[in-house]
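Here is what each chain is made of, one letter per residue.
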Amino acid sequence: MRVQKRSPWLAGLTMGLAGLALFVGRAGADVTIDRAGSVVIFPKVIADGQRDTLITLSNVSNMPVMAHCAYVMGAGFCQRSGDLCQIDLDCPEIEGQPNPCVIAWQAGDFDIWLTMKQPTMWRVSTGRVFDPTAVFDRSKDPEKRAKCHNSYRQDDPLGCPGFFFASAEDFAAGNGGQINPPPFAGNFRGELKCVEVAPDGSLVQGDHLKGEATILTLGSSQISRYNSINVLGAPGDGDSPTIARLNGSDYNACPEAVEMTHFSIDGNNFVAEGIGADCEATGCPVRTELTFIPCTQDLVGSITGEPERTGVGLEIYDEFETRATSSLVLECWSNLDLSQIAEGFGFDGSTLKKTRAATEQDTVCRAGANRGSTCTSDAQCGAGGVCGPRTGILALVEQFFETDETLAAEPTGVAATAAASAYMVSNDSDADIARVGRCRGALSTTCTSDSQCPAGLCRRNSTQGCLVDADCVTTNAQCTGNDDPAPCCSGVGTGTCPAPNAIPENGDICDRCMNDEIFLAEPGF
Amino acid sequence: MLTVKRVGLMGAAGLVLLVASLPVRAHTYSDQGAAVLIWPKVVVKDGPSVFMDTMIQMSSTNPSEEVTAHCIYVNANNHCTNTGKVCANSLECIDGDSIGSCVAGWNETNFDVVLTAQQPIAWSASRGLGGSSFDDLPLEGGYLPCPGIRFGNPHPCPQFPIPGVKVGDQSNAGTMVPSVAEAPFIGELKCIQADEQTRRPFGPCGDEGQEECPADSLTGTAYIQRYEELDAGGPPGALDVAQYNAVGLKSTGQNDGNGVLQVGGNPNSAEYSPCPKQLVFDHLFDGSLDPIDGQGRSETDLTLVPCSQDLRTQIVTPVNALFLIYNEFEQRYSTTKQVRCLLDSPISRIDTSQPTRSVFHAAVTGTIAGQTFIDSVGGGLVGVAVLKYQRAVQTAGAEGEQEGGRISSSPFGSAAYSLAGMNERVDDPSTGAVESEGDRIVIP
Chain Y
549 MRVQKRSPWL AGLTMGLAGL ALFVGRAGAD VTIDRAGSVV IFPKVIADGQ
599 RDTLITLSNV SNMPVMAHCA YVMGAGFCQR SGDLCQIDLD CPEIEGQPNP
649 CVIAWQAGDF DIWLTMKQPT MWRVSTGRVF DPTAVFDRSK DPEKRAKCHN
699 SYRQDDPLGC PGFFFASAED FAAGNGGQIN PPPFAGNFRG ELKCVEVAPD
749 GSLVQGDHLK GEATILTLGS SQISRYNSIN VLGAPGDGDS PTIARLNGSD
799 YNACPEAVEM THFSIDGNNF VAEGIGADCE ATGCPVRTEL TFIPCTQDLV
849 GSITGEPERT GVGLEIYDEF ETRATSSLVL ECWSNLDLSQ IAEGFGFDGS
899 TLKKTRAATE QDTVCRAGAN RGSTCTSDAQ CGAGGVCGPR TGILALVEQF
949 FETDETLAAE PTGVAATAAA SAYMVSNDSD ADIARVGRCR GALSTTCTSD
999 SQCPAGLCRR NSTQGCLVDA DCVTTNAQCT GNDDPAPCCS GVGTGTCPAP
1049 NAIPENGDIC DRCMNDEIFL AEPGF
Chain P
89 MLTVKRVGLM GAAGLVLLVA SLPVRAHTYS DQGAAVLIWP KVVVKDGPSV
139 FMDTMIQMSS TNPSEEVTAH CIYVNANNHC TNTGKVCANS LECIDGDSIG
189 SCVAGWNETN FDVVLTAQQP IAWSASRGLG GSSFDDLPLE GGYLPCPGIR
239 FGNPHPCPQF PIPGVKVGDQ SNAGTMVPSV AEAPFIGELK CIQADEQTRR
289 PFGPCGDEGQ EECPADSLTG TAYIQRYEEL DAGGPPGALD VAQYNAVGLK
339 STGQNDGNGV LQVGGNPNSA EYSPCPKQLV FDHLFDGSLD PIDGQGRSET
389 DLTLVPCSQD LRTQIVTPVN ALFLIYNEFE QRYSTTKQVR CLLDSPISRI
439 DTSQPTRSVF HAAVTGTIAG QTFIDSVGGG LVGVAVLKYQ RAVQTAGAEG
489 EQEGGRISSS PFGSAAYSLA GMNERVDDPS TGAVESEGDR IVIP
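Chains Y and P, in that order, give the protein sequences. For the first sequence, the positions run 549 to 1073 when this note's numbering is used. For the second sequence, the positions run 89 to 532 when this note's numbering is used.
For reference, chain P alone in the conformation it holds in the complex (with noise of 0.2 Å):
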């Protein structure tokens, strides 16, 4: 006869047997709406030759409703001991007799925005959003679209009635996105979809008797642009721009509703899809020669975030990132590098601080093009990849000379891309797995 327990036993096998068996797709998601969306590269620069900035752009695809958006500018900048100023390395920190040290920062800063039923919304990271205009074009000034007909706005959102809407139902009240904190400015973006009073993701939702989680409506891109004054007598600076899709984690249909986000992991406590276990992406290795036009030189620039944040204590936990780097021979090569907040570095610079001596750079590898898996090992990683072309140029030379003129760079072109993944940061109960595999965003 059956027992209780002997049922037990038996339905935790079958358990066993249907996890080993289910296609577990979830993942992280750079083309679908989502309820987290992550910008992991963010930057903003003021000069003295090379200006940068940011353009964010988001969308809700929800068809009638407002929906709101809690989102945190996590500032990775380094800042010198002594002086405070940002920096790339100590040696910018020497001011007069004072010597300090450039340390790694990290800080937050969290904002909210409300998009109107289906609404794209765009800001500049070095400007920010807010306000109101009777401008015709109030995403050009920095200005809500729909700021709401209190504010006698003449852009009434919906104009027109769409179905589910009256006209000048939904607004933008609520939305102040600032300026980052500082420039020059490197980091991330993140935004998750939330409920407008607490700040807080949705929740309790999603468990029996409740009502269901929201559906994920978040899409984003951002755009970086760059402006580069040349040298004098060089051709004339030139506006190049790099795109990319944010990175998003889906609602897996329950949450508690605080501020603690469980990111994959126990299937039975997770409330956002997973982070991939290894990231995959393709690349030219740097130095290598364009492969096109064979005019120009390649670089790569990689960009790391950690999926796992606490942004309340900002106590950042480093995660280990393993490359294991593919030639078209098939020849591995691999190196680590721990990722503390925000890694973003040209590839040949990941292993070395000299280039041409990094298994990243085609005079070590040999080939052109390289295929990089990314394992990591205390969270989980997402990130996004730019590759930058630049060809070097003849000038022009001054009157009178027969031969003359220099070579010069001229401004490069740059592309972003995302990176893929393998594997997700899932528990497995057959492993009997103590720790979670998860990730866990903790918001201020």
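Chain Y extracted, bound-state conformation (with noise of 0.2 Å):
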């Protein structure tokens, strides 16, 4: 008989490798609010005058990091009467005409440095307060900020290390630290991305930006925190100096659907009552807002472009495992009450739903005459059209705790509030959390990462193949013949581009594995 004779060191081998691929395989989408990472969401973001938001941001590395930021406005204004709006619903008829609601959508971007392990914050409807107290503000005394130069780092740009005191003179050189107000400061309602940049301005993979925002009814102690969702990179080869690819080869995907748990229309908190509020009269009920924002984003088209548009599809269970569906339009910045929103969460007889939201996994035109009509190829999307992936989504959950005082004819409080993330879950049968993408000219293969599809075609000269983004150089013979020039051309059917092989500025990219996108503006540094 043959004995087989095993070997220990193989079989070792064997067990270590299957142990690792049990963390790394089974690591659920690293878009996150436990680790520190390289593109930071702040998904509700309030200066409207009633509430105002505290944005704290820091830089978990041994090393100075830059930030590229934009606030976007997802509010709207009601189109006769001017009052913020979310939808139609937001805004009754005057006079018998109707009055829409417009959505405003703007954003507004600025840069910050963060110096080695730094925290630093920002109240939203003021920008940075750069001076709060002289004792801190070194820069009134010249001999003082001179000793700050010598003491710290005399060749350091910032002057004193944390930049949150520079001086006005700091300021005026574009030194960073100055932060100013979102757009309709007052009356914004919003979101606030920061990605992590090389002082070059391209994008940086480096995992070192966390935040939390804290959002304060005006005239009150109330407070809500969340931490900012970070999008973690991923170790591909991605060389777009202003296009931020969640697609796991880049940076890590959004996830497939979220989830949240939160009372329902109507619902009591039954814990209230018996600590001593008064609920006797309405129940102490819970109202909720719920917010999504699109992973995918154009920032760079927000003056003169359009806001990313899809639909939303909720799956509401109650705590009688009892189902409902509804859905919403998410257009840039959605965030409604359940009252709003409605069907499936009217009183029913639950206390409790567990609400989970998803876009649909098919295909959408991102560029085109048709963008935004589902598609099957480039071809469905009319002129220079990209079909790709439909938008994916993140979402945060703020709920309002009402007592009898609050809801009183002449309240003598405001409701107690509390934020919290929404859960990330797997949108099917298997365990993966992570959105696939499509892979571009391919769309019935799915992927994870570039490397998984054959060669791509060019974002912008959609016919052009390519394996990078510097394969898709804007050459002269586009700008001069083409109607839609990339905008490093001077203009159209004239100008010139950098010399091949450069990547232009806000020029083309390769396609290859597609999946959530942000297109920020160049950094101003």
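Once the Cα atoms are required to be at most 25 Å apart in a straight line, the calculated DMTMM-like pairs of lysine to aspartate or glutamate come out as:
(1) P/Lys-425 - P/Glu-180
(2) P/Lys-254 - Y/Asp-976
(3) P/Lys-133 - P/Glu-316
(4) P/Lys-173 - P/Glu-196
(5) P/Lys-133 - Y/Glu-828
(6) P/Lys-133 - Y/Glu-821
(7) P/Lys-425 - P/Glu-196
(8) P/Lys-254 - Y/Glu-863
(9) P/Lys-425 - P/Asp-463
(10) P/Lys-133 - P/Glu-317
(11) P/Lys-254 - Y/Asp-896
(12) P/Lys-173 - P/Asp-185
(13) P/Lys-133 - P/Asp-183
(14) P/Lys-133 - Y/Asp-826
(15) P/Lys-133 - Y/Asp-952
(16) P/Lys-254 - P/Asp-223
(17) P/Lys-133 - P/Glu-196
(18) P/Lys-254 - Y/Asp-978
These aren't lab readings, by the way, just hints derived from the structure by calculation. For clarity, every value in this text was computed on a predicted model and none was experimentally measured.
Need the complex rebuilt from these two chains, each delivered in its own frame; the hints are there to steer you.
Structure representation (structure tokens):
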């Protein structure tokens, strides 16, 4: 009988590899609140005169980190009355005339520097308060300022470490630190995104940023605080300076779905009465707001372009395992009370609801004349068309806990508030949470990195094949012969672009594994 | 010629290189389904002027099957040695001629929760959850929403068929959540996805030839609710709520099904994702003026619990926490604190009993915002932070007074948030480490 000898070394190697695979293989999507990331997202930022937001942002590394940030205004204004609104129902008719809600959708960007391990914070409504007390403003004392230079880094253009208290001269010189209020300050409701960048403005997948947002109801002590959603970088070879691709190659992908558990419409906070709150008249109901943002955003086109618009499907379960469905339209940013969604959330004898939200796993025109329409090929998207996956979504839930005092005819208090991040979940039978992409030109092929796709196509010059972004340099011929020239061209039918093999600013990119993406304006360093 | 031994050595070298190159992403999760949930801060307080309770909410993400969670309350109250009363310090242990000491305690209470498919459920820590009721809103009364058709329940779960589940096919039978052991109460809650029969994690599973371990199906949140009765003549009492997501440990896909949960450490034997080596959180330094409207002062409470716990022998292994604090000037401060069972403290009282002298106080650090890194020695840590604001208000004077009234502190607002993690407590074979970096939870 032949006896087969087993090699203990090889057996150990096999087991070791299997063990490592367990840690790596079952890891979830690295879009998370639990770790620092390269893209930091604050889904709900309010500075509308009734509430204001404090943003804290920090660098967890031992090196300086730069970030390019953008506020995105997501609310709108009633066309005839000018009131802030989110949907048409927020705008009552005026003298029998319709008063639709027009989403403002505008981005305001800025750049920020953080020294090693530095935290910083600013109030959204006013931007950075750079001189709260004279004691800390060394710039007013030239002698002290000189000491600050000498005792820390003489060649540091930021002057004193921690540029929160930088002088007016530093601001004028553009040495970082200045944070302007967002667009429509005083009426701002939207989100904030910050992306880690290098000094030359190129994107960096360093995973060094994290933050929190604290929303205060003005005139009270009531605060909600939530952790930023952080997108971790991926070890890819993306080289676009202005497009963060959440496709598993450059940055990790958004989740397939998000899930939140919250109180039902008119669901009562059954703990409040037990600890002494007055609930006899009202039952202490809880009001819930759900905030959704798209993972894909074109912040470059935000001045003249269109917001990301998609349908979001909702699947709702209550504590009796009763299932309901609903939907809403997400246009740029959506912050809706459950009563505004209504369908599926109506008071039906349940206290809790578990809501799962996801977009369809189909493909839509990402560029071209038919942008936003469903498609299965580039040709269906019109001239310059690009067909790719629909955007994913991220979410936040905030709840408002009322009592008899806060709901009285003359309230003697404000509702308690609390915010929490949504859970990232898988929306199909596998355990993978990350959204899969689609290969450009072979949309039936799913992918989680560029290497899984054949050669791609350039985004702007959509018939040109490519493997990397550098293959998609805009040429002079495209400037002169193209009705929709690249931004590096000086005009329609004229102009030139940088030399071949250079990556032009806001120029063309190579699409292989298409997934969510964030188009950023060029940083101002 | 390559000998077996040489091939083995090459294989081992390859393994080392593979370890160095693989991006190990495993860590704790506050935003994904998990197999173990930890709520680091559960509070109940019964006066005299401040009343607190914690609503625990837990959901199943399983689309079609019941999920059982074996849960454990860990009571971290201190008690007087002479009276047995809950205490904060030894001064509270003077009872007539009897003078006792206030010593740390640590004991556990365990129970099971059975969730139906996709079900959210909630209970208050002071009351618990169990039994059945024909009330329309059973959760509000502390009753199970789906006790089962055999009890004549008017709410069969599900009420209407959903894919893979018949009407009335699932129930919460087997669930009995007790109230916390005493009030006041400070402690934590752990829930482990388990086999309903054995009350242990499913297993053995994941090894070749055995069935797959179940998918991570638990998500959870805590709502810490506070009501304060204020002084007569002051503003009326107000409710405050702070919400945080539970800290989750994901399954690695292998489990031997015993009562010892291997958390991180050796990849060959780890059953759950590792705790972080370092926690990071941003905060406002205590005593700093509210930077939003400048009307209140801020304070932050930090709660830490060890990842390793022997709940069977109830022997507490302390973990040393090293705090590295950075202010906005990039200036660094540090301090240490031992975490025995649970640390729940305003940050300015971690290093001193005099907050204005603390390295966590704005008067010392000179800035408003700070970032703190927490390294742990002797085990991992998880936790949660709570930011609190308190405003001073001018109350109305008595009738007839021209200048009356007084300054009093209004009830504060608070908000809880998660701590981030950096690096993982995972063994790295390349270092030749003998002792495991991982943690271990031994359940009773």
